[in-house]
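A.B. asks: Take the sequences, apply the hints, and build the full model.
What the sequence shown shows, in our numbering, is residues 1 to 229, in sequence order.
Honestly, the hints are just simulated from the structure, not real lab data. Don't take every hint at face value.
Stated by the list, open to error - Label-pair restraints from in silico Cβ distances:
hint	residue 1	residue 2	range
1	VAL151	SER50	39 to 49 Å
2	SER49	MET1	14 to 24 Å
3	GLN167	ARG70	38 to 48 Å
4	TYR118	LYS160	19 to 29 Å
Stated by the list, open to error - In the BS3-like style, the derived pairs of lysine-lysine whose C-alpha atoms are separated by at most 25 Å in a straight line are:
hint	residue 1	residue 2
5	LYS178	LYS93
6	LYS26	LYS78
7	LYS224	LYS134
8	LYS93	LYS134
9	LYS5	LYS26
10	LYS160	LYS206
11	LYS93	LYS222
12	LYS160	LYS178
13	LYS134	LYS178
14	LYS134	LYS160
15	LYS63	LYS26
16	LYS206	LYS93
17	LYS63	LYS134
18	LYS93	LYS224
19	LYS63	LYS206
20	LYS224	LYS178
All C-beta atoms, glycine included, are put in the ideal place defined by N, C-alpha and C.
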Amino acid sequence: MFSQKTLDFLFENRLRNSRSWFLEHKDEYTEYVLRPLTEMAVALTPAVSSIDDLIVTIPRVDKTISRIYRDVRFSHDKSLYREEMWLSFKRDKNAYPRYPEFFFALWPGGFSYGCGYYRASAETMETMRALIVKRDPAFARALTDYEAQQVFVMEGEMYKRSRYPDQPENIRNWLDRKNICFTAQSADISLLFSDALPQTVGERYKTLTSVYRFFTYIEERKWKNSSGC
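C.D. replies: Below you can see the structure in the form of structure tokens.
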């Protein structure tokens, strides 16, 4: 699957920042980057589908696999290529816009994986806070399972001042965020290059099942609220 050649290609391609160099070495991209990402997507499909069978798992660029080309139109960084590549497993974005996702990413220095929002809407976060404050059972399950594991860390920009100072600290950790994601970071290159990687990541995804289902419940509540149901 992944190898040192994967990481070397990502590093050098970004360093060269040359369309002509990339085209000359496109076979290496296909062999060392695209092929193992495709294999990883296929290998993770059973795990993510067992959590939500509506998740799109097609192992293809612009479906679950990121492009290596960067969109530089609105970026100060004009580098042509990504050093980081990723897999993103989520429901069809047209039918389920801005839903949460499972992800796996790698770059020359390591890899990460987890579950959450790339950029949660303000409405999503407000709906989440309302459910947390009333201690909805879906949140209670997510909280219990998150606190029972030691792999994933909650991430997302925090408000500078707590909006819920009377809540317990572990609850404020959820309430005071502008975005939310649960991420495991690793520099364990031996695991990255191991055949055990898909099984390890897939099994750890499953520990976040109740967290993911809490997120989808939030989106369902948003839809019901907006439709007046």
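A.B. asks: Look at each hint and say if it fits the structure.
C.D. replies: Structure-based check of all given hints:
1. VAL151 / SER50: 39 to 49 Å: Once the Cβ atoms are compared, 18 Å apart, the range 39 to 49 Å for SER50 and VAL151 is violated.
2. SER49 / MET1: 14 to 24 Å: Check passed, 20 Å falls within 14 to 24 Å.
3. GLN167 / ARG70: 38 to 48 Å: Because 40 Å falls inside the window, the suggested range holds.
4. TYR118 / LYS160: 19 to 29 Å: About 23 Å separates the Cβ atoms of TYR118 and LYS160, which means 19 to 29 Å holds.
5. LYS178 / LYS93: holds (21 Å)
6. LYS26 / LYS78: This hinted pair holds, its Cα atoms lying about 21 Å apart.
7. LYS224 / LYS134: Holds, at roughly 18 Å.
8. LYS93 / LYS134: Judged against 25 Å, a Cα distance of about 29 Å means the pair is violated.
9. LYS5 / LYS26: holds (13 Å)
10. LYS160 / LYS206: Violated, at about 32 Å.
11. LYS93 / LYS222: With a Cα-Cα distance of about 16 Å, the restraint between LYS93 and LYS222 holds, given a limit of 25 Å.
12. LYS160 / LYS178: holds (11 Å)
13. LYS134 / LYS178: Holds, at roughly 19 Å.
14. LYS134 / LYS160: Roughly 23 Å between the alpha carbons, so the hint for LYS134 and LYS160 holds.
15. LYS63 / LYS26: Cα-Cα ~20 Å, so holds.
16. LYS206 / LYS93: holds (22 Å)
17. LYS63 / LYS134: violated (37 Å)
18. LYS93 / LYS224: Roughly 18 Å between the alpha carbons, so the hint for LYS93 and LYS224 holds.
19. LYS63 / LYS206: holds (22 Å)
20. LYS224 / LYS178: holds (22 Å)
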